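Undergrad: Using the sequences plus the hints, can you model the full thing?
Protein chains: 2
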Amino acid sequence: MNLENEKNDKKETIVTPWQVKGDINYDKLIEDFGLSKIDDELLNRIKKHTGKLHYFLRRGIFFAHRDMNIILDEYEKGNKFFLYTGRAPSGYTHIGHLIPWLFTKWLQDKFNTELWFQFPDEEKFLMKRNLNLEQVQNMVYENMLDVIALGFDPKKTHFLIDTKHAGIMYPEAIKVAKRITFSTIKATFGFGNEQNIGAIFYTAMQAVPAFLPNVLEGTHRPCLIPHAVDQDPHFRISRDVIPRLGYYKPASIECIFLPGLGGITEQGKMSSSNEKSTIYTIDDKETVKRKINKYAFSGGRETVEKHRKLGGIPEIDVSYQWLTFFEEDDDKLKKIHDDYKDGRLLSGELKQILIDKLNNFLDEHQKKREKAKNRINDYIYKP
Amino acid sequence: MNLENEKNDKKETIVTPWQVKGDINYDKLIEDFGLSKIDDELLNRIKKHTGKLHYFLRRGIFFAHRDMNIILDEYEKGNKFFLYTGRAPSGYTHIGHLIPWLFTKWLQDKFNTELWFQFPDEEKFLMKRNLNLEQVQNMVYENMLDVIALGFDPKKTHFLIDTKHAGIMYPEAIKVAKRITFSTIKATFGFGNEQNIGAIFYTAMQAVPAFLPNVLEGTHRPCLIPHAVDQDPHFRISRDVIPRLGYYKPASIECIFLPGLGGITEQGKMSSSNEKSTIYTIDDKETVKRKINKYAFSGGRETVEKHRKLGGIPEIDVSYQWLTFFEEDDDKLKKIHDDYKDGRLLSGELKQILIDKLNNFLDEHQKKREKAKNRINDYIYKP
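So the sequences go chain by chain: A and B. Using our numbering, the letters of the first sequence correspond one by one to residues 1 to 383. Using our numbering, the letters of the second sequence correspond one by one to residues 1 to 383.
Don't read these hints as lab results, they were simulated from the structure. Computed from a predicted structure; not experimentally measured. Backbone N, C-alpha and C fix where the C-beta goes; we use that ideal spot for every residue, glycine too. Certain hints may be false.
[Stated by the list, open to error] Using 25 Å as the maximum straight-line C-alpha spacing, the simulated DMTMM-like pairs for lysine to aspartate or glutamate come out as follows:
1) B:Lys-373 x B:Glu-194
2) B:Lys-249 x A:Glu-194
3) A:Lys-164 x B:Glu-217
4) B:Lys-249 x B:Glu-286
5) B:Lys-291 x B:Asp-240
6) B:Lys-368 x B:Glu-328
7) B:Lys-156 x B:Asp-67
8) A:Lys-37 x A:Asp-27
9) B:Lys-47 x B:Asp-331
10) B:Lys-367 x B:Glu-286
11) B:Lys-124 x A:Glu-12
12) B:Lys-334 x B:Asp-39
13) B:Lys-164 x A:Glu-217
14) A:Lys-128 x B:Asp-240
15) A:Lys-249 x B:Glu-134
16) B:Lys-110 x B:Asp-153
17) A:Lys-285 x A:Glu-328
18) B:Lys-357 x B:Asp-378
19) A:Lys-186 x B:Glu-194
20) A:Lys-48 x A:Asp-331
21) A:Lys-124 x B:Asp-331
22) A:Lys-186 x A:Glu-31
23) A:Lys-341 x A:Asp-356
24) A:Lys-249 x B:Asp-331
25) B:Lys-156 x B:Glu-370
26) B:Lys-285 x B:Glu-328
27) A:Lys-47 x A:Asp-329
28) A:Lys-37 x A:Glu-12
29) B:Lys-373 x B:Glu-142
30) B:Lys-249 x A:Glu-134
31) B:Lys-128 x A:Asp-240
32) A:Lys-52 x A:Glu-217
33) B:Lys-289 x B:Asp-330
34) B:Lys-186 x A:Glu-328
35) B:Lys-285 x B:Glu-217
36) B:Lys-52 x B:Glu-328
[Said to hold, decoys possible] In silico negatives: residues of chain B with every beta carbon more than 12 Å from chain A:
37) Leu-43
38) Gly-218
39) Ile-313
TA: Okay, here's the thing in structure tokens:
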């Protein structure tokens with residue numbers, strides 16, 4: 001166990017929509033993907049419109065962007081953007097999925113914008129051999145409840161479900177697809193010749209909501225896509241294509257991954273398929289407690305004595321890292337950080353803080369999620 | 001000018017849905033594609049149900065099949081098949097397109113079956129760089145008029161237009177697409193890595209009508225696809241996939257190509273993009289006359305004297321070949337053949353017979369085509 005959080009550049013790092021592997025150096029991702037870092041100048045510009053910045057921005061959880069300045073230029077000229085994000089259903093929602101959605105909700109509120117939320121139910125079906133469409137569609141339902149529970153405005157929020165809305169999406173997707181070669185797909189996603197032709201085509205469907213609202217409503221508005229950085233390859237491709245169809249190049253604002261319970265050095269992104277690394281939004285209090293106590297990688301020392309003396313290492317402690325995503329209060333968070341680092345807070349105590357924080361959040365969330373069951377129809381787009 | 005119709009096996013022959021090139025040896029196609037020849041036994045079996053055989057069958061214009069015996073087995077057990085054919089619009093209908101449709105109409109009448117007629121409006125859009133969707137959709141309209149003019153029963157005929165019916169087709173297409181790799185597409189259609197991802201995906205959409213009626217109507221019926229042999233590669237792929245989705249392997253009955261005006265040895269298949277090789281269903285009498293007189297490759301001799309002495313060569317004479325597709329009466333056709341071969345009928349006289357035949361047919365067709373304008377809605381499938 002290497003307590004030093006050294007970068008190991010020799011290990012292969014992969015970040016695609018379907019695989020996140022290795023140590024992730026976000027600065028290097030900015031460079032590799034050709035993103036722009038969210039700097040103080042941009043933060044100040046956003047602040048002008050939103051007032052206090054969301055703590056995801058203050059803490060660099062949303063860390064990179066493409067063309068946010070164009071979005072703000074247009075906004076300041078009175079041409080309001082719309083938001084687009086999504087969820088490719090394959091399992092229950094875990095708390096990592098919530099990060100971009102919580103931020104999207106904040107953007108919707110602060111900028112008073114429309115949100116188009118895509119559930120590409122074919123994506124994981126096409127990518128995972130053993131997943132059938134019925135399973136996926138059950139998960140569309142479950143995932144929708146979580147999105148609704150976050151409080152998006154039903155009047156300004158439109159769910160697009162690829163198989164349900166194929167009638168309006170496929171005719172646009174072919175326009176995108178005509179301008180993307182298999183060579184591009186191969187280079188971008190690492191697909192080989194044995195990949196199925198549905199998966200090869202899919203990125204065209206993911207491009208569509210970035211301009212579909214303009215098609216449907218006869219407008220010429222820019223699109224801002226808040227998403228985790230692993231989705232960037234899709235939009236890297238479609239940003240080249242969409243302007244050739246006569247629409248704005250979609251802009252993006254991108255976040256880092258909530259690390260899995262197993263730790264930052266072990267894996268880059270929480271996976272829904274690994275129960276040990278994940279907390280689901282439907283987990284009960286006991287499950288949350290058990291998982292965190294059992295699996296959350298600790299930055300504490302081997303013995304209480306050593307811990308009191310040397311202090312914990314918050315940078316590699318998953319419980320602390322998770323609190324940076326879920327504890328809004330900067331002062332509280334700083335106190336936890338300092339207490340842990342100085343050995344005043346023990347690993348078990350830190351875990352308990354996280355358990356309480358998450359269980360409080362999930363308790364509320366699960367109530368709203370229950371109520372969401374009657375409201376799904378208010379959100380699904382009706383052409 | 002080589003008057004001997006020798007097979008030149010050294011020239012490359014290509015038969016795919018998008019390219020037909022070189023001398024076509026249909027016996028070799030049967031072998032290469034793995035088709036079954038329509039033999040006397042099968043003809044007799046069909047005759048049992050239809051009475052007199054269609055002249056396309058008598059003359060070997062429909063020459064090959066896949067699983068026709070299974071279709072008849074099921075039919076005889078009382079499980080009636082449905083028909084599926086189509087037209088990928090990129091231009092006006094030419095008379096070569098009519099061949100499989102005329103035969104499909106005969107099958108519909110004789111077996112009293114449903115027909116699903118696909119207009120895959122994305123296909124040529126994806127395959128041709130300079131074709132836009134609007135142009136294609138104008139041609140969907142024009143092509144529909146020709147189909148309706150042939151007299152299909154509106155109660156039993158359903159038009160599927162891919163972009164219009166994507167809502168019901170795409171969810172099925174992804175099930176097909178999941179089971180087809182790019183390697184297969186590459187090997188079957190000769191696509192390279194620079195092919196666009198829409199064209200790569202497209203074959204999955206062409207597979208859908210071969211089982212969609214079962215999905216929509218909760219039935220378990222087999223499907224028979226009458227088509228020109230160049231479409232076989234699509235169904236060769238989907239025949240492997242569709243049974244894995246729980247449906248019958250689609251059967252087919254396949255025809256040769258109406259040769260272009262330029263002749264049998266020059267090109268294999270009439271092209272809508274070469275005005276010189278084509279007669280459109282909307283051509284007026286003068287145009288038909290001019291094109292045939294000017295462009296129809298003649299099997300006649302250089303001088304009247306030589307022709308009277310040596311006789312013409314019907315096997316390479318396009319006017320004669322076309323009459324085998326359009327002159328229903330076997331006795332009349334035989335007389336034309338013999339008169340021409342023996343030099344009694346001159347090339348110009350043979351052309352005039354064809355001109356009259358086509359102009360009579362097109363005169364009727366164009367009247368029905370005009371009436372079809374008010375009936376389109378009766379044919380478009382309403383989910």
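Undergrad: Just pull the numbers of the violated hints for me, sorted ascending.
TA: 1, 4, 5, 11, 18, 21, 24, 32, 34 and 35
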